[in-house]
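Undergrad: Here is how the chains run, residue by residue.
Protein chains: 2
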Amino acid sequence: MPDAPIAALPPTVAWHGDLDGHLQLLDQTSLPHDCAVLRLDTAAAVADAIRRLAVRGAPAIGVAAAYGLVLGVRAAAPPPGGFLAAVRAAAAALAAARPTAINLQWALDRCVAAAQAEPTLERLLAEARAIHEEDVAACRRIGEHGHHLVPPDGTVLTHCNTGRLATTGDGTALAVLFAAWRAGVRFRVLVGETRPLLQGARLTALELAAAGIPVQVACDGAVAGLVARGDVQLALVGADRVAQNGDFANKVGTYPIALACAAHSVPFFVAAPRSSFDPCLADGAAIPIEERDANEVLELGGRRLAVAGVAARNPAFDLTPGRLVRGFVTDRGLLLPPFPAAIKALCGSGR
Amino acid sequence: MPDAPIAALPPTVAWHGDLDGHLQLLDQTSLPHDCAVLRLDTAAAVADAIRRLAVRGAPAIGVAAAYGLVLGVRAAAPPPGGFLAAVRAAAAALAAARPTAINLQWALDRCVAAAQAEPTLERLLAEARAIHEEDVAACRRIGEHGHHLVPPDGTVLTHCNTGRLATTGDGTALAVLFAAWRAGVRFRVLVGETRPLLQGARLTALELAAAGIPVQVACDGAVAGLVARGDVQLALVGADRVAQNGDFANKVGTYPIALACAAHSVPFFVAAPRSSFDPCLADGAAIPIEERDANEVLELGGRRLAVAGVAARNPAFDLTPGRLVRGFVTDRGLLLPPFPAAIKALCGSGR
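If you're matching them up, the sequences are chains A and B in order.
For the first sequence, the numbering used here begins at 1 and goes up steadily by one.
For the second sequence, the numbering used here begins at 1 and goes up steadily by one.
None of these hints come from the bench; they were simulated from the model.
In this text, all values refer to a predicted model and were calculated from it rather than measured experimentally.
Hints should not be assumed to be uniformly reliable.
Non-contacting residues of chain B with respect to chain A, defined by C-beta distances greater than 12 Å in every case (computed) [said to hold, decoys possible]:
hint, residue
1, D41
2, R74
3, R141
4, V185
5, L206
6, R326
7, R332
8, L336
Computed footprint of chain B on chain A, listed as stretches where at least three residues anywhere in the stretch have a Cβ under 8 Å from a Cβ of chain B [unchecked claim]:
hint, segment
9, 186-196
10, 200-207
11, 213-220
12, 223-233
The C-beta atom is built at its ideal place from N, Cα and C for all residues, glycine as well.
Let the sequences and hints guide you as you build the complete structure.
TA: Printed below as a string of structure tokens:
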């Protein structure tokens, strides 16, 4: 089913049932060729799905983890008064699944705070659902705040996947593009294939093609040269964690795009919901960068690319300095660093 | 045979026999997993091998084309006095195989000039053999002139393949590394995998591992972030064509490496023989950039990466401004642009 419209795909993240329900995830590792749906009943299974990128995208893993916390606490047999301890233990296990995107920690912190206010499973599930609904709304508002940036008849460069598969709504950077397209603006998209796991070629191209938006894939190394040639009018990417000065972590390959855009005066914007902003980090230096398995680089389709004995570096993210960013399209409007007191004040306040 | 030492591989380019001989090429499309040798008897077969990258690397395709010219002229039945016309026709057909690397045109121009001086097949073959021998010597001298640049205990970043598989000698950038290693300097190499055709992961890793030099592969998009983190002490790449001001074309992914090195004060050098310098171009703007088949990007191991209907851009090279280059390691020593009169004077003089 490589050509199935995205509308026909199951939702990225869905909770089925009530307190006795389960989590359903669209397995993104097999897209676009196969469409498998995972039914998860344990927090360990959710953490595993996050780790192996069956669900990925900073906002989507935040929502998935919030539901995973319900599963984890439900399975625990807490001693009287131990409900909060069970919540904290399950939250810590889920948070460890991926270190870079702040949304995961943000969502779990919110759920822990909710459980502190009312230590019941009902409250935990209600908080997960609230996070889910807010993510859908944040995506819509990002689209509303950003769609005027898209240059008519221009080419927009993006990277990795920041759409319906990375969130539970329309996306972040892609939400801007979907909103512009719905508003009648016509443009083309150039997306880096996003090695090693090819989220650009597999997922973003799927989403854009399904929406009827013309899309071209390029190798990640080729993108800077295309920017230099004047083939790109706007670059728009997502973020996994944004520090107070605008430094941000995003999928490897983002930083060289920002460097090329700066060298050739192409506007470079970031689209991200408030949950991707880390109110506690002054700059990006302390953002933990996940280093993943070397085999993601060295094997492709089960086939080894290099001879035995060759090693690999596989950082999942790179860090782009805030000074290279023209602006941040958020659910609160277009922001420039340093970020408003409203975000800073969240630090240490349970966010 | 993924683990066969490089020394056990057949030569990259070899002429077998005399005037009635044939050209032998190591088919690089199937390395490192399979080792196939091609026996070529026609100029058309040589042009096809160059086009589909069975032989690649600017110096190696120059040598292969020179031998291909012998095959093309031998097969032609020139009318009396038509020898030179046959040489020119065969040279034009071979030159059209790949447009970016100047070495191809340079080698063919030399052969045409030799045939003008002495219009015999013997002279053509002698010229091809001279170009071949000079390439081996140029590689050795590049190594001699550059090996002192390699930082002891440092990490050297390179890109694509510039070794024994890209030349008929020790290579260009890799010749520097082999020479440093032989001189007792110990270091590590980080190589971008070089999508779409993975010459970094497939070929450079093979050559370095076989020489016992520690090598790590990274996705092309990840390299800039590793430079930013301080993980690279020297970048050293090859070139397919260098203009008089130092602008140069090289495999896509080179320009973002240069940008990252400039941003983080990491020395960035180019290694190339004189045959890669275009004496007729003041700057890089006029270097033709080959755009290859979209399927090189969209398919991998026979499997389609993106859904149907998705297009791709596939420029094979990008252009790096000369101002980002700390120096050019050549067979004539370490040069800085603008290049010496000795190279400039070659323009229009049959090179």
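Undergrad: Next, verify each hint and record whether it holds.
TA: Consistency of the hints with the structure:
1. D41: 31 Å, holds
2. R74: It holds; R74 (chain B) is separated from chain A by about 38 Å at its closest Cβ, greater than 12 Å.
3. R141: 29 Å, holds
4. V185: 20 Å, holds
5. L206: Contrary to the label, L206 (chain B) does not stay out of reach of chain A, its closest Cβ about 5 Å off (not over 12 Å).
6. R326: Check passes; 18 Å lies beyond 12 Å.
7. R332: 28 Å, holds
8. L336: Non-interface label stands for L336 (chain B): nearest chain A Cβ at 22 Å, farther than 12 Å.
9. 186-196: Contact hint for the segment 186-196 of chain A vs chain B: holds, 6 residues under 8 Å.
10. 200-207: holds (count 4)
11. 213-220: Check passed, 7 qualifying residues.
12. 223-233: This one holds; 6 residues, not fewer than the three required, reach chain B with a Cβ under 8 Å.
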